[in-house]
Amino acid sequence: MKKENIRNFCIIAHIDHGKSTLADRLIERTGLLTEREMRDQVLDNMDIEKERGITIKSQAVRMIYKHTDGKEYILNLIDTPGHVDFSYEVSRSLAACDGAVLIVDASQGIEAQTLANVYLATDNDLEILPVINKIDLPAARAEEVKEEIENIIGIEASHAPMVSAKNRINIDEVLEKVVEYLPPPEDNSHLPTRALIFDSKFDAYKGVIIYCRITDGEINVDDTIKLMNTNKEYPVVEVGYLKPGGFIPADKLVSGEVGYITASIKNVEDTRVGDTVTTLRSKAVEPLPGYKEAVPMVFCGIYPSDGAKYNMLKEALLKLKLNDAALMFEAETSAALGFGFRCGFLGLLHMEIVQERVEREFDLDIITTAPSVIYKIIKTDKTVLNVDNPTNLPPLSEIEYMEEPIANTIIIVPSEYVGNIMELCQDRRGVFLDMEYIDPIRTKLHYEIPLNEIIYDFFDALKSRSKGYASLDYEVIKYQKSNLVKMDILLNLEVIDALSFIVHESKAYARGRRMAEKLKDQIPRHQFEIPIQAAIGGKIIARETVRAFRKDVIAKCYGGDISRKKKLLEKQKEGKKRMRQLGSVEVPQEAFMSVLKLDT
Amino acid sequence: MKELLRIYVHIPFCKSKCAYCDFNSSSKMNHMVKPYVDALLTEISLNSEELRNKKIDSIYIGGGTPSFLSSKYIHTILKSFNFDKDTEITIEVNPDTADYKKFIEYKQMGINRISFGVQSFDDEILKLMGRSHTSQESIKKILECQSAGFDNISADLIFGYPKQSLSQYKETLEIIKKIEVQHISAYSLSVEDGTLLSNMIKKGLLPTPNDKDDRLMYHYTIESLAKTGFSQYEISNFSQARYESRHNLGYWERDNYLGFGISAHSLMDNIRFENTDNIYEYVVSLKQLVKPRINIQELTKEEIITEHIILALRLTKGLNIHDFEKEFGENFEEKYEKALETLVDRYLLEKRGDNYSLTRQGLDLANQVFVEFV
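Sequence lines, in order, name chains A and B.
Quick note on numbering: our numbering labels position 110 of the first sequence as 114, and the sequence is numbered without any gaps.
Quick note on numbering: our numbering labels position 348 of the second sequence as 887, and the sequence is numbered without any gaps.
These aren't lab readings, by the way, just hints derived from the structure by calculation.
Ideal Cβ placement from N, Cα and C applies to all residues, glycine included.
One side only, chain B facing chain A, incomplete, derived with CB under 8 Å:
1) Y547
2) D750
3) K751
4) D753
5) I774
6) S775
7) Y790
8) G798
9) H804
10) L806
11) R885
12) N906
13) F909
14) V910
15) V913
Generate the whole structure from the sequences, applying the supplied hints.
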């Protein structure tokens, strides 16, 4: 039995191919919001998402659509996160769907994340409806792109709607074809209750809101739910459907439907994405497959610029964690920076987003230390130690060998830049696996690259060597023995622990030297000379010197113009505020981040 | 007793623009001289209220190059102020736009102080600076000025110019000492964005000035002038006894001053304002009898305190803690305990008697001190 009047689907796309815009248009066309009420991109409601044009947290909306066949359909659009760091979250959103709309940009064609997302969708047995977007761009080559879809992905594209989401061209056809080509959900009302959590979010009034797809059975307002992986039980407070920015309470959610549950839950950690909700009344035995713990891949220290604001930083991280179960953190101390937190992230973007949210939403100035991956240290006594902070590396004499994580990496790039990109991958210790011509102009490169090379501005370097055209997808697949060393940075002869990092021996010399040069540019002159040294195990491999300044004075006072002088001093004062005292040296906050961008 | 007031008049015209100059002046505006002077006179009359019942202690005609204008204009401007024989009246003069006759005219109209834009006595450096006179001309004009009866003459010097060597600069100082002026302003070059000099440095046509040489020249200035009876009374200013510039001291002591002309700044009863920097706007505004003031800012107490500190510390006598307490009702040393401690530790500030002043090193790094009080 099928629920013929329901379609549960998502939109998948490479970044910038127009996912959020199309979602907006569908919502607009089905009359959920009038055009006037419509904020652009209603589904992305965090500032950062809007600015970066990406979706970080997924949500869902329910649309009522009257098809040309005269019948009304319920279309549940589940928005998926748009970045590789969140691939697990994406996979759970996809698992909540029966079909997917695949947007491909008519001028850019298939990109790395298009492929990655299609693979995820087919893994989840989703039917895929391709949509060609941005057909009104001068560079659009819609027919070629259709061929690409058929040749590379291997799905039929002749019926793909040709649209411009931005300029509202052909939006109705997308809705029609969603009904015609994407399958309705199975009706498993008779089975014990199982619902898949594809997102959850903390609300100050309702507690945690669980977004879920009811796969089997039903959930009533008077049920007690049980989360099968975390084993927690809660009496339901409310169930219902979702509209943009709001909720429509209902009596129950039944098999095939998408909706929300609240149950006075205090902690999003108890409602992990991918977990299965069942009820005590109709208890399932097996959870739905595919649940995974969030595994942070990238780590860094986050410290308040002003040490006195440690507690405020802690509050901020706790609040962010309410909505971001993948964020991990624990207290740590640094000799240089004082009290702070070691934080774990799904990837680099996730890290940047958290940093930005702390600064923006909580108005805190923070210092972040160099990102690190988890290294496996095999000690001479054969015990294994996981190290995500270079400071915690045991003495060399206790280390038998070290292992580092390796990422399976797919890069799609216009063929003219292949040489540049291969050079970059080579330089980043990549192991070439294969290369495939997607079409006459683009090539897919497949490499294995150590994750610790990717976290150092690899993405920026990739973009700058391909005029912005290369796209990237990566996933950690294994650990591998590697010749790694710890690099220390000394300012004015003192080791600054916050600047230490672990690097492959073959690159240590170059990176140490570059780092010293960068720091020299960043650290302002002081009254005394400051040596900057890079050292491996006590051996200095690079040195730069910040000369002492001799002159810092406004000599002339033009015709009583005091304001100008004051402005200069105020600017100088602002600069001073962004300094962090490390030992005897004042280091600007930017220095900590800029030393990571050694390529640029 | 009448309230004291200082007057600044800005003359934005020049024979030619110097390479380092980012001041509001132009060499291509001769047709605007007459309308500008008319506007100045209107502006002065519009301020009759502010000028009434004040004792004008100093008038400073600066530029640009005021001596570029014919004396009759200067005279008309000066006449519109109510000054007396005690008023210090300074005019800035470039050696190539003044001569004996002009000095006599200046003398007759009541001007009693001449500030010479000498900059250097080295022709090579003068050329690099884009100055339109030679060192010989400067010497000759200063001597003419003295014979016209002026006994309060100041010379402006610039040091730290690209390619300027310490020995070239020493030579300049030797000459100025021989000529026997009463006042010397020696300015460390600051390269301002947008100037010809800054562009030449960016293009690599001139070397970036180096701080080490700059400071050698500065320290030499202080020592060498001290031997000839010049004492330093401000970061860049030196004078024979009792020949300090009253007008400039007024800026540092936060006296009231009214500025006339484009870009002129004023401080009246703790309100700061300035005039538009656009000559056309200035002239049009005054045609309509509207004062061309912009950026009117009433200072808060904290702002006044900040100004008081950073201006007082520019002077070698420094900041007197009793004066501070009398003026603001707060104890300077308590209010800034931490900053003072650090600055004294860093040998940038010292306390002598009841005054805080910059140390020798503090004179080089004055901004490091000031920034603590902003």
